[in-house]
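Protein chains in written order, with the working numbering: chain L, 1 to 334; chain X, 335 to 789.
Hint data in this document are derived by calculation from the structure and do not stem from the laboratory. Possibly wrong hints are sitting among the right ones.
So the derived list for chain X, only partly shown, Cβ under 10 Å to chain L, looks like this [unchecked claim]: (1) E457; (2) G490; (3) R494; (4) W631; (5) G633; (6) F641; (7) V642; (8) A644; (9) V735; (10) A752.
If you're wondering where the values come from, they're calculated on a predicted model, not measured in any experiment. Glycine included, every Cβ here is placed at the ideal spot set by N, Cα and C.
Next come the chains, spelled out residue by residue.
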Amino acid sequence: MGLADGDLAVVFGALLALSIFLYVVLDGFDLGVGICLPFAGDTGERDRMLGSIGPFWDANETWLVLGVGILLVAFPAAHGAVLTAVYLPVSLMLLALVFRGVAFEMRLKVGSAEGRRRWEGVFAAGSLGAALAQGWILGRYVMGFAPGWGEAAFAAVSALGVASAYVLVGASWLIWRTEGALQRRAVAWARRALLGAGVGLAAVSLATPLVSERIAARWFSWPETLWLAPLPLATAALAAWLWGRLRVLPMPGDAGRRGPFWASVGLFALAFLGLAWSFYPWVVPDRLTLYAAAAAPESLRIILWGAALVLPVIGLYTVVAWRIFRGKARPLLG
Amino acid sequence: MDETLLPARLQFALQISFHILFPAITVALGWFLLLVKWRYRRTGDEAWMAVYRLWTKVFALTFALGVVSGIVMSFQFGTNWPGFMKRVGNVAGPLLAYEILTAFFLEATFLGVMLFGHRRVPEWVHTGATALVAVGTTMSAFWILVLNSWMHTPAGFELRDGVAHAVDWWAIVFNPSMPYRLAHVLLASALTVAFLVLGLSAWRWRRGDRGRDVWASLRAAALAAAVLGPAQLVMGDLHGLNTLEHKPAKVAAMEGIWETERGAGLRLFAIPDEAARENRMEIFIPYAASLVLTHRWDGEVRGLNEFVGAHPPVAPVFWAFRVMVGVGMLMIGVGAWAAWSLWRRRSLSSPLSAVLVGMAFSGWVATLAGWYVTEIGRQPWLVTGVLRTAEALGPAPAGAVWTTLGLYGAVYAFLLAAYVATLFRLAAGAGKAVAAPGGGALPGLAAAPAGPEGR
């Protein structure tokens with residue numbers, strides 16, 4: 001492929017961003033549904049909640065493997081620097097994901113009602129733990145892994161914000177994929193989560209330029225401010241639209257059931273673009289750029305060939321799987 | 335940094351030991367499920383569907399454990415061993431990337447269809463999904479073993495400023511030990527599954543759950559064990575010869591041979607003493623090691639003293655090798671016994687069923703022991719001749735690594751116990767489901783022979 005070495009680093013930066021974004025949205029709704037699980041009305045509702053994510057969660061989690069894989073293989077120096085800086089939260093996130101995944105299968109396999117309740121608790125705790133840990137890692141990353149209480153407080157706000165955002169997309173997924181009392185409950189969850197996520201997003205957006213001169217310069221220098229203005233404005237408009245929608249759902253004939261989910265995905269995308277703009281071309285804030293961290297070009301090229309061939313196929317069969325499991329969720333049979 | 339080396343290595347050993355248990359099952363179990371599905375479609379016999387239902391559940395649970403422990407592994411490269419990717423990432427990276435791209439997504443996506451799509455897709459699509467899951471797990475094993483083999487016998491690269499750069503991908507993928515290691519590990523998975531199926535089915539049999547699905551599982555698995563056990567013996571021998579050619583120090587440690595000798599004896603038992611550089615309490619068969627390794631009575635076997643300072647720790651490799659071979663021989667014997675009994679005599683005696691239950695997880699023991707032989711046997715190198723294990727270590731403080739090691743250890747012990755308990759619970763539940771009215775008073779039940787008590 002006739003790509004210059006520098007372009008190659010950018011292409012892989014984009015692939016990395018794409019996998020992380022897809023992970024955050026896709027496993028985000030799995031984790032959000034998990035966090036909501038204890039608030040369901042009865043076992044039947046919990047069955048349907050788990051049923052709505054059952055066919056998807058394995059594949060969704062794979063985007064995390066691809067994301068960390070690209071970080072590992074394309075930016076090995078950054079992989080080491082980032083993961084050793086957040087060693088403990090990463091370990092806790094992994095343990096939480098272990099429990100979440102195992103609990104899902106165990107919940108379907110145990111015989112007794114009491115055993116099911118216990119694994120549901122583990123599933124919810126694992127989902128919440130993973131969401132909080134990911135938010136914490138994001139907060140630490142934004143702060144450039146600097147130590148200190150202020151930074152820790154920021155990471156805590158980020159943790160709560162990310163967990164709320166996951167509940168938002170998870171509850172929106174349930175609005176789409178369930179009906180009746182559970183759907184009404186999901187609308188209420190989504191409303192509360194939108195408030196929490198909004199506060200978190202606003203806090204992170206305001207704090208970031210305050211602590212980093214580089215990021216402040218990125219956003220508040222003329223004329224960048226002008227053509228960046230649509231980003232926060234679109235975010236606010238979409239959030240307001242979603243809030244309005246969540247006040248009127250569910251509607252007769254189940255109209256507009258998909259709206260909250262795709263609006264949440266849009267909010268994720270806008271927040272993600274904002275972060276990307278703040279940090280590009282740094283892959284480890286203020287320490288390592290994409291270009292400096294990239295692996296040898298000949299190895300990146302051979303991965304790119306594979307990715308170019310295989311990613312469309314993955315996209316294709318992912319769409320097929322979504323088509324197969326379209327419509328309202330049913331309880332899973334072990 | 336040195337004080338982090340021990341906990342970091344223990345942690346990686348724990349992670350990989352826990353992780354390998356699950357792919358060791360899913361790689362071959364996927365093909366077993368496909369075979370069962372095919373038999374069902376050919377015969378329309380509900381007994382095969384009952385087998386499929388039970389083992390699909392086992393597959394789902396095992397797969398989930400494999401995925402979650404695999405994710406932990408992918409992070410460990412960065413958290414504990416950043417030097418690995420820094421030095422050989424140009425080779426290891428693409429291999430890992432190809433695993434994720436060609437195998438992970440395939441198996442994870444079609445697993446959803448296989449597990450939950452039964453009433454949503456036509457029968458042939460469901461069978462196709464089962465096939466793709468099996469292909470995916472095997473491809474995953476292929477890429478991982480390519481990388482692992484390359485770390486043992488690196489080829490197709492050049493070092494520039496201490497960093498490996500790929501020169502010839504064909505040589506990297508088909509490095510000298512890869513075909514042997516891949517075949518050896520795939521057979522190990524097949525045997526692990528054969529004995530797991532035998533063990534759980536024999537356990538159901540002993541509980542009086544003697545439907546035709548149990549009988550069919552027993553016979554299929556016994557046949558597989560009887561055929562694949564000897565095949566693994568041949569494969570293991572070929573792999574050993576390959577190791578002798580490329581890693582003589584490892585073979586010397588496996589055999590506990592200190593001095594280079596002709597007509598070397600096969601040590602059945604010994605306590606290798608690395609300080610004195612000799613074996614204590616040695617029991618050996620004269621000439622046998624030379625015969626096995628060189629296929630000649632008086633063949634020369636190079637001893638450990640030729641590799642002073644560059645050979646692995648002797649005792650763990652020596653013992654792990656004996657455990658692997660010992661369990662393997664036991665599996666060959668029991669497999670032949672089971673096949674003879676189930677196919678020729680069409681019966682399952684109480685002693686045999688007890689032995690089969692006892693050996694349900696023998697594949698795990700042999701697989702882990704074999705893994706230790708090869709991985710400890712590679713020390714002190716992480717990538718032979720390129721990177722020493724200690725050089726790859728990251729800056730994480732020893733305290734943090736010890737803490738997470740303890741956490742992972744406790745969690746994994748709990749999960750392993752829950753996993754094994756759940757397998758038996760699933761097996762018990764399968765009997766109930768079949769015995770329930772409508773669920774299966776299977777036609778032609780008389781075709782299954784009664785056990786000893788029934789005669």
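Consistency of the hints with the structure:
1. Taken as an interface hint, E457 of chain X does not check out: its beta carbon lies about 14 Å from the nearest beta carbon of chain L, beyond 10 Å.
2. Annotation: G490 of chain X was flagged as interfacial toward chain L, and the flag is violated, the nearest CB pair being 12 Å apart, outside 10 Å.
3. The beta carbon of R494 of chain X is positioned within 10 Å of a beta carbon in chain L (closest approach about 9 Å), and the interface hint is therefore held.
4. Taking 10 Å as the C-beta cut-off, the interface hint given for W631 of chain X is violated, the closest approach to chain L being about 48 Å.
5. A hinted interface residue such as G633 of chain X counts as satisfied when its beta carbon comes closer than 10 Å to some beta carbon of chain L; here the least separation is about 41 Å, so the hint is violated.
6. Among the interface hints, the one on F641 of chain X is violated; its C-beta lies about 31 Å from the nearest C-beta in chain L, farther than the 10 Å criterion.
7. Taking 10 Å as the C-beta contact cut-off toward chain L, the hint placing V642 of chain X at the interface is violated, the least distance being around 33 Å.
8. Given the 10 Å rule on beta carbons, the hint for A644 of chain X is violated: about 27 Å separates it from the nearest Cβ of chain L.
9. Look at V735 of chain X: its Cβ gets to within about 8 Å of chain L, closer than 10 Å, so that hint holds up.
10. Look at A752 of chain X: its Cβ gets to within about 7 Å of chain L, closer than 10 Å, so that hint holds up.
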